[in-house]
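Which chain is which? The protein sequence lines are A and B, in order. In terms of my numbering, the first sequence is residues 1 to 638. In terms of my numbering, the second sequence is residues 639 to 1158.
A hint or two may mislead.
[Claimed, not checked] A few chain A residues that face chain B, going by a derived Cβ cut-off under 10 Å, partial list only:
1. 67
2. 73
3. 75
4. 142
5. 147
6. 159
7. 178
8. 182
9. 579
10. 584
Simulated from the structure, these hints should not be mistaken for lab results. As the structure is a prediction and not an experimental result, all values here were calculated from the model. From the three backbone atoms N, C-alpha and C, an ideal C-beta is built for every residue, glycine too.
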Amino acid sequence: MDLSHILLVILLAPLAAAGLIWLFGRRRGGLAAALSVAAAAVVAGLTLYLLYAFWDGAAAEAMSFRWLTLGGFSLSLGFSLNAVSAVMLFVVGFVGFWIHVFSLGYMADDASKGRFFGGMSVFMFSMLGIVLADNLLMIFIFWELVGFSSYMLIGHYLKKGEAAEACKKAFIVNRVGDFGLLLGIILIYWTFGTTQIAELAGAARVSPELLSTGVGLLLFCGVLGKSAQMPLHVWLPDAMAGPTPISALIHAATMVAAGVFLLARVPFLFTPEALEFIAWIGVATALSAAVWAFAQNDIKKVLAYSTLSQLGFMVAAFGFGSLYGQTESAVGQYGTYAAFLGAGAALFHLTTHAFFKALLFLGSGSVIHACHHEQDIYRMGGLLKRMPVTGVTFLIGVVAIAGVPYAASGFFSKDAILYIAHLTHPVAFGILAFTALLTATYMGRLFVVAFLGLPRSEAAENARETPWVMWLPLVVLAVYSVLAGYVTLPVIPATLLPMLDSAVPHPTGDTHTLLVAISAAAAGIGLIGAFFIYRRAGDTDPLRARAVPLWMLSASRFYFDEAYDWYVAKVQQRVAEILSFLDTFLISGVLVRGTAGVAGLCGIFARLMHTGNIHAYVWWFFAGILILGAYAFGLFGS
Amino acid sequence: MALFGGIAEFLRGLEAESPRVHTSMLLFGIFGPLAFAFALAISGKLEAGAVRVAALLGFLLPVVSAFWLWATYASMGLNGGYAFFVNTPTGLDAIGVSLFLGLNGISLPLYVMSAVIGLAAGLYAIHTNVERMRLYLILLLTMQGGLMGMFASIDLLFFFFFHEFALIPTFIMIAMWGRAARRTVAIELTIYLTLGAMLTLGGLVALAWMSGAEGFNLIALQLALVDAEHQKLIFGLLLIGFGILVSLFPFHSWAPRGYATAPAPAAMLHAGVLKKFGLYGLIQVAVPLLPEGMGAWAPLLMWLALGNIVIIGLVTLAQRDLKLMLGNASVMHMGYAFLGVFAFSAAGAGGAVFMMIAHGLSVALLFLLADSIERRCGTADLRELGGLGQSAPVLMAFFVAAVMASIGLPGFANFWGELAIFAALWQSASPWVLVPALSGIVISAIYGLRAVSCVFFGEARVNYRGGDLRGLEKAGALLLLGALLVLGFWPRLFSDDVNAAVGSLYPVEPPVAEHFLAEE
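With the hints as extra help, turn the sequences into a complete structure.
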């Protein structure tokens, strides 16, 4: 087997599974689940084989063929494997497999398993397409397809009204972002004559004058949608209406990270102005989402806002890191890796986040399953004793995301981001450090309220540990959440080290000490503070009871949803209604019928012919046809 | 692969030895359905089953013809040029008219599309139980024969004649089997489309007359020249005439109501195939033959096409009836095809042809499914529908797929048409058009998903009967969805032929003429 065959099998195995499920598995839930999990296992197995044993780490392109040519426009399909896509491949293949396993337990009683697992496989296919694509148009194609699979899976529970709304919202908001992305890609195509990423890298180096801030920001529009950055973040919290494994796979570990991955694939297309803008969007999202998380009582919503916030960290890391990479000192220190500092830091956090956030979501899924679909943390409590494996692994996830120094992976990746911000922008550094404190606090709140204390409902009282198909993935992901920060350990393939180690800036000396101290303070104050604030919480949130303005600030979510709802209902729909009215009455009513003096004449003529019997028309028609035909074929002699 | 090679070898050999086989296939495709229609009309009492089987055979003939010719064409390596000539003299030789048929890289894919949609419409018609079934099928078969002939005509009079041949049964079917207010709608549609057809005929006659060409057909006209002044006049006539027939804004108002009122198979054939007459005429005839005229009218065309996309797109958002919504959406998507024509380049025209094919398949599928929904629920009002997803998961899967196809999701044919048009627009005389045109991908997502959500999600609200999609109805839907997916995954099945043909008619980059710039 050569590289192109391995990549082809990785890409097509889930598609084949989806096709088979569609053909045979719609009513056979067990078969559908088996096919889907088998495909995920093939993907994971081949990915590990590829990254540990087969691939030497050199960027490789494989299997390019022409897909469409129309005039001056042509599009090809091809694979590429390089340091950036290898990281993403590892995350998607490995985390994806364990979430598939978890789904076996979580979805065991679902009536539409065929649809669910078929959708999972379509998703895996689409996501792998993004990861392996060698050109921007191909990325766009699979980008749209992940949007579609996300739509189908969010809407899995057909009866739930909120699911119907949420899946629609997710798709439409993403389309708004894709509007900009496609525009940007078309502009790049005509500017550089190609969308091949390797060729673009060369062209951007040779003629940097072709780059423009506008095109970079158009590409970033796609990231705003897919990675749910402000102001297009509104779909992600609502997307929690889907089944929990979907939230873990699509809306935490992989798809929402696709935006960050896209940035990391093409760091050379962005001007410094664009990078600065991107970075600040990330900072704003990180901070705002952390604030909003405090007023959420739904366990999945808290995690959703934390995902938004962590994605903000990644986007900020990309922006500031790439800016820093352009400075002379960075080039001196990191050499050829300097251009990838932003990508490296963002991907490092993406990887650790994929592990610990998938862990947290699956943990929440385990809790929800055990509590009979109870999602309100104020109706839980005391779960640590009743569900020890879930509880302990969840605590590991909390420690990781809080960034407790050296305890788990989150610390290392967040530390690199804080260091980059420290080097480039002190204000952003301050905001991100404060966000880290907030993160530790709201995650502490989640753990304290849901897992400690006494049960607040019967469901929580009777919760029992879930079966092994559900807790085993938790254990695996917990191990990775701890160890993935120590990238040189063999848990991470050595071929990923260029991105996860060499291209990740780490502080040394005094700065190192300072940053560890800040991380320790943020995590420590946050977690311990949360313990003391929330440990005696009854049925209502202490913030709501005692600090109303803060609660209101958090609960408002800065009125983004309200603003969009107002726009849709009061602007868009009204304009549509008015236009529809004009269309009906002006164009077809007045213009058409008014100018139809001709029509009047026709009407008189028609009345003369009007025998009241429609069959007469039919026979007239055929008679006319026959005469005409006869004439045309020369039957009347000439 | 060896099998394909063998087939290609066989067909090539046949071409060399007895080319009449292929031209006979072409004639079968056109006159087969007509012969079945005629036979059904004159035969005496028949079993209901026999009528259905006969009609089905009538719909199958064009499919056999289309796939045969397609395979032959592929084996011949014609580079988009014309093949399968039939040239039968008529009594009109004095004015250069003969029954002159043939297919090229543009018309062949449309010929195949029209055969596929015809079969799907036929299957659906046979599945539904309407009164006066025999007449219903006779009219549909007549339509189908006209549609096949329309795309196979090289002679312009026959091109027009076959169009009318397909059009008139539409009126009758709307008047006899339509929904509420069918008479009014039928008359409005008749007047409107007759007007459009008259203008078109006037333009075509003027074109033949002023060019002083030898014959009244596409091949003879390609060599003819018309001076710039007359080009503008003729192009104007053709643009408005064809425009009315393709529901160019603001001449569109017949379309949504017509489609919503028509019985589903008629709507499928009209919206899916017949409507493409105008675009086909523009792409194959008007624009390549009248470049100066195109230059003069391009700015207007651009604004009107944007009207289709943005204004009708928004109007679609306000629709409450599923079929009216689909009718408006279909009008909206024609805007993309017009913009492809406007781009005046091989990419734009090729994209427009691909869009026509894809749109034809997807809109036919949508009307089929919408009618299935309406027949099961007794209403097509989006506010009353709901919750069908649980009891009809297959219907839901098809409907979601059809909506996704029509809003341009990759994996379906429509995506390629839209993408090529978008790409071509940036090179057109007014690159900024790309921005409002792209807004359509958001608008169409909104109304498409809203329809899915209204019909299938939530608790069941109306009394639902008839079970899931099944039988011939499912077969018809599967045929269309399959075609959309095959072209979505492998666009080159058609696009290489289309590309070769438009490549010989259109420049790679649009010409930068003064009047293009003067209008800016």
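query = Which of the listed hints are not met by the structure?
reply = none
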